[in-house]
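K.L.:
Each chain, written out:
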Amino acid sequence: MARTLSASKTTADPEAPKVRRTQSGQTGEVAVPTVATVADGAPLPRHGPSAPFIYAWHPACWHVMAGKLVPRLRQMRMQPGLSNMGESPDGRVVTRNATAAAADRGWTTIAIEAGPGGSYLRKHKVSPNGRSDRAVTRWASAWETLYSGSDTIQSDEAGFVAWLGGLIDNGSIPACPAHIADSLALETESRLGRLQGEVAKGVDAVKPHLERAAADLAVLRAYVSDAATPAAGEIEQVEVDA
Amino acid sequence: MANEILYSGLSDQRVATVLSDTYSLLLADREAGALSHPAIQYAGAGAARRGSTVVQIPQIGLIGYDLLTAASTEGSSEANVALTDGNDQVTVARYGKIYEASDLARLTDPGTGILDVAAMAMDLVASTGQTLIDLIAALASGFSGTVGSTGVDLSYTNFTDAITTLEINKVTGQLMSILHPRQFGDLRTASLSLGGAVQHMPDPQGLVRYAGSLYKGRIFGVDVFTSSHVDTANAGADRAGMMIAPGAVWWGDAEIPAPPGAALWVPLMVEGKVRAALEASRSARSALSAWHQHAYLGVTEGLDAAGVGIITDA
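Residue numbers (the working numbering), protein chains in the order written: chain Y, 1 to 242; chain A, 1001 to 1314.
Simulated from the structure, these hints should not be mistaken for lab results. Where a beta carbon is used, it is the ideal one built from N, C-alpha and C, also for glycine. Do not rely on the hints blindly, as some may be mistaken.
To be verified - Distance ranges between label pairs, derived from CB positions:
{"hint": "1", "chain 1": "A", "residue 1": "Leu1104", "chain 2": "Y", "residue 2": "Ala103", "range": "48 to 58 Å"}
{"hint": "2", "chain 1": "A", "residue 1": "Ile1098", "chain 2": "Y", "residue 2": "Ala135", "range": "12 to 22 Å"}
{"hint": "3", "chain 1": "Y", "residue 1": "Pro43", "chain 2": "A", "residue 2": "Ala1028", "range": "12 to 22 Å"}
{"hint": "4", "chain 1": "Y", "residue 1": "Gly166", "chain 2": "A", "residue 2": "Val1208", "range": "39 to 49 Å"}
The task is simple: from the sequences and hints, build the whole structure.
P.N.:
In structure tokens:
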């Protein structure tokens, strides 16, 4: 543990009462002994190191989070050797090939600068064992809070969802296509039915899943009913010899 | 009585502490058995002797990918069928670690061997394996197919949904799942309330037992591993584990040629497949000796449909 040694001089308190001398002896002066104090400081959040990342969205990847239908983002870790991330001669991460490969699969990156306060990333000083002399850097999203001496991560889901909603509102991410929401609603409905069956059989452990599925289904149905009518396909005759 | 010889009076003859003959390893993931699973496929060696740090894995739509088409009319000329192809690429990058010790540090080594070649080799093998698993685990949020609900614990329904998704996607071969210990713990807890025929299966019953290793067993035919390297997702609310079939994940490495004049060069293999090398160097001027650990690693997602993200409460 990083220990800062500091010594303080013994000083008499100027406000202390004067030494009273009597013929029979002396009572001494008010003083504090000099000791080496050990200042450990607060332990660091207990986490391992991690690299920064880029968020990316996919037109087919959506989910319900904090009561809103939002894109399910991918985290593209900026680490050489991972998903075609490279390294420049001066040691910076080269993202070009990685983002191109992700784009081929339908993922569009979101500029880091689009986050709150100019970045959606936050850099934390952490340590796997909390000791400040073993500090490493951990990159996390702007909506994660880390705590001294703990491996707990508190997530501001409402803030994250509000940010995603803002990206949809300003056109950075197109709104969820109605057919995707409809498909999610059907899946959720099916899951809800299975969960209801399990609860009916007395499997109480799935009750949280049931409640969540019901809430998600309500969000999805509302979204689908508000969405525009999908475009119909073109009518064309198939030639057959009857 | 006087002049008794007391421990408290022998400050010149005794030392404050003595080192134990053994030591305690700080806790970390160390097993890399997941790398031997057939669902994680080796792309090949990049870099040395092959002209590039990028290994390309061709994808090809043959052996039953396209069905035969019915001939339109007798004697007519059939049109060609386009051959569907593509590729995945693994870019191999340099990874390493150096421990450097002074002569004073080495000469006071009491013999537990924490600074010797055997310990450094074991460290390199474990660290390389975990680095590769860390890279593989980072791919989970990149699969377009996912199961689970944000903020909700992993359930058997999620797990079987992942299997179904992969089956619908036409995967073959042995499936594997890499979960965060929290996710696996949620699955184990769910085992306690399983009903129907499943409760009598040995798979979930085996899960309730503490395994003492990162391989947790086979559930519904899927080999389940845990790793603390599984990333968070959705602004830290969740963990992103995965279930994969062969073809979903590719990794590559490189054979490092032994440098001429190296004082000590020890090539090593992790799980019999991942190459790494341990090198010793000496700075005589400063009386420092260093152990250099080298590995060249790369990981990439392969066939998107051969993997499913399992995104559930952290």
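K.L.:
With reference to the structure, classify each hint as holding or not holding.
P.N.:
Now for the hints, and whether the structure bears them out:
1. A:Leu1104 - Y:Ala103: 48 to 58 Å: 55 Å, holds
2. A:Ile1098 - Y:Ala135: 12 to 22 Å: 18 Å, holds
3. Y:Pro43 - A:Ala1028: 12 to 22 Å: 19 Å, holds
4. Y:Gly166 - A:Val1208: 39 to 49 Å: 45 Å, holds
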